[in-house]
Amino acid sequence: MGLFESLIEQKWPLLATVVALYVVHTLRQYCRLCQFGGPWGTGFSKIPHNYNTFTGEAHEWYRDVSEKYGPIARVGPTSLITSNAEVWAHINTKPGYKRSTWYFEACRVEYHRDHIFSQTNTKLHDERRKQIAPGYSGRENHELESSIDARLTEFVTLIRSKYLSHPATGGGGGGPIIAMDLAKKIQFFTLDVISAVGTGRALGMLRADTDVDRYIRSSEEGLRLVTALSGLGLAWLAQAPVLGRFLGPKPTDKAGFGALMGACFRVVDERVRGVGKGGDGGRRDMLASFIRHGLEDRDLKSEVLETLIAGSDTTAAALRATMLYVMGSKRVYVRLQEEIDEAVREGKVAKDGEGVISFAVAKQLPYLQAVIKEGLRVFPPVRNILPKDIPAGGDTVMVDGKPMFLPGGVDIGYSALAMHRDKKVYGEDADLFRPERWFEQDRDKLAAMQKVNDLTFGHGRWQCLGKNVAQMELNKTFFELFRYFDWAIAHPDKPWDIMNTMGIFVINDMWVQVTAR
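The opening residue of the sequence shown carries number 19 in our numbering; numbering runs sequentially from there.
Hints listed in this document are in silico derivations from the structure and should not be mistaken for laboratory results. A couple of the hints might just be wrong.
Below are the DSS-like pairs computed for lysine-lysine, each with C-alpha atoms no more than 25 Å apart in a straight line [as the list claims (entries may be wrong)]: (1) Lys-391 / Lys-268; (2) Lys-441 / Lys-469; (3) Lys-512 / Lys-485; (4) Lys-202 / Lys-512; (5) Lys-180 / Lys-148.
If you anchor each label on the Cβ, the simulated ranges turn out as follows [claimed, not checked]: (6) Leu-265 / Ile-516: 20 to 30 Å; (7) Cys-52 / Met-416: 18 to 28 Å; (8) Asp-359 / Asp-227: 25 to 35 Å.
For every residue, glycine included, the Cβ atom is placed at its ideal position computed from N, Cα and C.
Make a model of the complete structure from these sequences and hints.
The following block contains the structure:
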């Protein structure tokens with residue numbers, strides 16, 4: 019009797035064995051985290067988590083789970099989530115934790131190539147971080163602030179030349195009312211900024227006032243696709259042998275995200291050849307810093323590409339959301355403009371047309387700082403779960419003064435929305451946009467609030483490298499836009515179209531009316 023016939027004859031015992039092994043495996047997984055509460059089914063299946071990822075509502079689901087089941091809750095057979103700031107800070111600083119492969123490999127852009135964000139090998143991540151951190155910080159990027167100023171000047175010029183409305187005043191007929199998609203213009207701005215500070219060459223979207231080569235559209239389509247694949251449990255396909263090579267963007271593509279890759283790689287090649295011939299002109303931008311610290315060839319290209327990707331969408335989301343919240347609160351709007359006008363009257367900033375406010379001066383404006391902190395708090399621009407694998411031997415964390423054991427062999431992420439709207443930290447009005455809370459007189463309470471707010475940009479070895487660039491953009495942009503213009507939401511019933519894609523927000527149709535002050 020052949021092997022096949024023997025298997026057929028023993029099919030029922032074999033099937034029973036397979037079912038028994040599956041049940042035992044599932045029960046072991048369930049029991050490992052049975053002390054943690056969670057929605058029905060999460061102890062046995064990834065379906066609830068995948069479903070919420072697919073619909074783009076994962077961030078809201080994480081918050082609901084945290085509020086219902088506590089500061090550490092279960093969201094999958096081997097996955098936990100926390101809303102406790104101290105626990106999350108601990109996870110991001112204690113040796114032994116590492117990035118979870120199931121999530122971060124799905125964040126790769128190139129086939130089988132890691133960048134600083136997708137790298138799960140902690141040793142390699144730390145080595146790469148040392149190489150690129152000086153370029154992000156501004157210590158070796160002397161053109162950082164001037165590059166942002168130049169793009170912001172282009173942004174203001176674009177609005178003045180094409181998008182100012184002239185409503186009727188004093189009984190006159192007035193001029194046309196023009197609606198501008200602020201979401202799109204802000205994306206033009208942030209992409210031009212990061213391409214200029216990253217490679218020394220802006221993409222030119224503000225000057226063209228268009229999505230050059232459909233970079234933005236293709237990027238949004240890519241984010242939606244990755245989200246859908248992750249929700250279906252198929253994200254691994256993009257890195258699958260052979261097949262993965264055909265699914266992702268390629269630098270040889272004529273349009274879309276692949277074209278952005280190609281343009282980025284060509285700039286890198288030109289700069290590397292220039293350095294080799296002594297013709298780089300003494301550049302002091304991000305790319306020059308990467309080269310000085312030993313990045314070469316594909317590694318250099320991958321990190322420059324990641325700079326363009328990571329440095330645009332998240333900052334754009336923060337700018338859009340805070341603008342929306344300010345426009346929706348007359349009290350905040352008036353007070354912010356009063357502080358801006360006072361700074362202009364006192365000569366703290368250059369006159370109209372003579373320059374952009376400096377980052378140093380902007381940081382001294384207390385209400386502007388409160389608005390920025392509150393915008394990041396109410397609308398965390400990055401809501402990725404960012405899971406970390408718990409050390410093999412497990413770990414004990416303190417939650418509300420009590421020890422809690424986290425078993426090895428599972429991962430733990432966090433809920434940004436639950437953490438930054440925690441009523442224990444921010445009070446009963448934590449869901450409201452109220453910048454005045456940052457003038458809290460109780461120093462201990464203010465310090466606790468600030469500690470949580472700082473986690474917006476991550477913590478420890480995985481803190482966002484672009485924090486300084488983002489803060490500079492936020493400070494300068496809010497000041498200049500509210501200095502020169504008045505803003506109104508064109509469609510209050512639906513101020514924007516928004517979707518969470520792997521923790522990054524795709525935002526469109528944010529129509530506004532702009533008038534000159």
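Each hint, compared with the structure:
1. Lys-391 / Lys-268: 38 Å, violated
2. Lys-441 / Lys-469: This hinted pair holds, its Cα atoms lying about 15 Å apart.
3. Lys-512 / Lys-485: The given pair, whose Cα atoms are some 30 Å apart, is violated under the 25 Å limit.
4. Lys-202 / Lys-512: Judged against 25 Å, a Cα distance of about 16 Å means the pair holds.
5. Lys-180 / Lys-148: Between Lys-180 and Lys-148 the Cα gap is close to 44 Å, so the pair fails against 25 Å, i.e. violated.
6. Leu-265 / Ile-516: 20 to 30 Å: 26 Å, holds
7. Cys-52 / Met-416: 18 to 28 Å: Holds: the Cβ-Cβ distance is about 21 Å, inside 18 to 28 Å.
8. Asp-359 / Asp-227: 25 to 35 Å: 29 Å, holds
Violation of the numbered hints given earlier is confined to hints 1, 3 and 5; the remaining hints are satisfied by the structure.
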